[in-house]
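*Asks:* Starting from the known structure of chain R, fit chain U onto it as the hints suggest.
There are 2 protein chains.
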Amino acid sequence: MSKEYVVAVVGATGAVGSRMIEMLESSTLPIKQVRLFATIRSAGKVLTFKGQDITVEETTENSFEGIDIALFSAGGGVSAKFAPYAVKAGAVVVDNTSNFRMNPDVPLVVPEVNAHALDAHNGIIACPNCSTIQMMVALEPIRQQFGLERIIVSTYQAVSGAGAKAIAETEREIKEVVNDQVDPKDVKADILPAGGDKKHYPIAFNALPQIDVFTDNDYTYEEMKMTNETKKIMEDDSIAVSATCVRIPVILAHSESVYIETKEVAPIDQVKAAISAFPGAVLEDDPSQQIYPQAVNAAGHRETFVGRIRKDLDAEKGIHMWVVSDNLLKGAAWNSVQIAETLHERGLVRATEDLKFELK
Amino acid sequence: MSKEYVVAVVGATGAVGSRMIEMLESSTLPIKQVRLFATIRSAGKVLTFKGQDITVEETTENSFEGIDIALFSAGGGVSAKFAPYAVKAGAVVVDNTSNFRMNPDVPLVVPEVNAHALDAHNGIIACPNCSTIQMMVALEPIRQQFGLERIIVSTYQAVSGAGAKAIAETEREIKEVVNDQVDPKDVKADILPAGGDKKHYPIAFNALPQIDVFTDNDYTYEEMKMTNETKKIMEDDSIAVSATCVRIPVILAHSESVYIETKEVAPIDQVKAAISAFPGAVLEDDPSQQIYPQAVNAAGHRETFVGRIRKDLDAEKGIHMWVVSDNLLKGAAWNSVQIAETLHERGLVRATEDLKFELK
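Line order of the protein sequences matches chains R and U. Under full-length UniProt numbering, the first residue of the first sequence is numbered 1, with each subsequent residue one higher. Under full-length UniProt numbering, the first residue of the second sequence is numbered 1, with each subsequent residue one higher.
Warning: the hint list may mix true and false statements.
[Unchecked claim] Label pairs and their calculated CB-CB ranges: (1) U:D314 to R:Q144: 20 to 30 Å; (2) U:K263 to R:E353: 55 to 65 Å; (3) R:P30 to U:N217: 44 to 54 Å; (4) R:G196 to U:I40: 51 to 61 Å.
Quick caveat, the hints were computed from the structure, so don't treat them as lab data. Built from N, CA and C at the ideal position, the CB exists for glycine as well.
In isolation and in its complexed conformation, chain R is listed as follows:
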């Protein structure tokens, strides 16, 4: 009989953590036990896994004895501090934060795209940024057949990407506008656009062209994640990627207006066929019937939906498309559990001998 795993979810009470538990409930992973971790504030809370009560424990350096797989989604600081201890204790970590993504010792994986990168893991595997993941699922089938020269992407991102507090803030703001007739510009905000930044702006009836904080080059970290992670996942630094990341008043599912230039001319019917055939991608594209991906339809699903595929009006190798996926599922919880399943399928759930990560 094959081994059954003890699986930990670190950040179990958050927006992504709760989705991770759901994804584990329907996972093909052979699970012996699930353990749930969070900050001391949430410790003692009782959550359920397959109908069974599980008490949330505080995450400590000594939490990881006996754990085979640890899914982290409790913020970059928590991953930086505790993931190396989990690896030292013999676990494989799937980290949903940005902390280890660009570390050369850490595979950055979208299983449909670069599962092979898992083979060289050193105990930590990073799950890419939500906005990157769905773009990779849409573009990899095109890259495989026609090559990829450049990407220009404008995102329409859901507030759930900023966590449970951002969801609550959005709902509170919208109620103030529609029920209490507060002018949208006078609504008070405490979280968005970025919890850690100086100023906060309303998202109700607004579009905020800032996700995460700004970097020195006037792009945001979110935008630079899309650039850097794409190159790492596709293993090609020559792909040009520039992003504009925008938050809109949607709770679930990110939408993206993606423009690409391929290396070879890509006939649209072949592009559509390639996307249709690609695992995890669903073609929703029939303008004559007004069929195109929509956030409200993608919410709750694991697939990435692609439509509005059409030639640029001028550039021979230019193609436009509209890419939508549930940011908490494929963008986070499902991609993380899918990485765990793939590690299992490839026989890669194993303790790491040579610890490559600093214990802090």
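*Replies:* Only chain U this time, still in chain R's reference frame:
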């Protein structure tokens, strides 16, 4: 003493019409009288202009005797039918619909950009599409100094662009979700994405990549308006323009993620200076202070706000920016009244001898 005008608003009871009346109230145009027109359904309704009651009249072929300037915003069909009669009666028509925009006998005007095109008018001047207008205000200062090779734009458009019924539908849908806990995908829709199309989808907590109906090339009419109108306004068919037009749950003000390639390399500080100096444009761009244009701040203002200006990460002549403006003001009512003011300033409010438009 200079002449004072009789000004008509056709479509006076609509979302744009009511804003036209407001813009006329604060206009520099010497106004003797304002007359208001709508369909027979709205005729008899009483609106006010500078505190004075004005009864809405039914629009007929004989409505335009004695009128000097007629502002049309009652749908393309109404303009097609009645604008030629207004011209025949001696009025100058400023038409806010798409009906005459691409007619070679009709100037298509954003006053800051191509006021000179008014000189050759034949009685009808077209006001461009809302999403085009604000992009022109942002890009003309750059085009003048550095030339313009191509534009790739993704829009984040407010529902008010689809009229008063779309605003009401959006508010109703959002209340159903936040107050009655209806799942966003189960909300019923009757108007959006396009009143005249077969299917209707919820906009609450959604992003709809369809504005207006689809054309044969899988772009929507809204998208093709941005392409064709840009070339006409900038008087350069060689500018490549491809658009993705998207409706989001915002009531007022369109946002746009605009990527351009200039003919000459354009230093960012010079681009910012050019936009700052351009009439009608306001630079809002300081990432260190989280300053960028926002829909909720642009609503109610006549200017076009531009920010997030930065170099493409790879293309030497590539620049990204974020452009926001009130779609009912600069995008419609204000641009129309501003055209009327410019006609007056240039001595172009005059009857047309040779009628170029078919009386239907």
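*Asks:* Hint by hint, which ones does this structure get wrong, listed from lowest number up?
*Replies:* Violated hints: none at all, because every hint is consistent with the structure.
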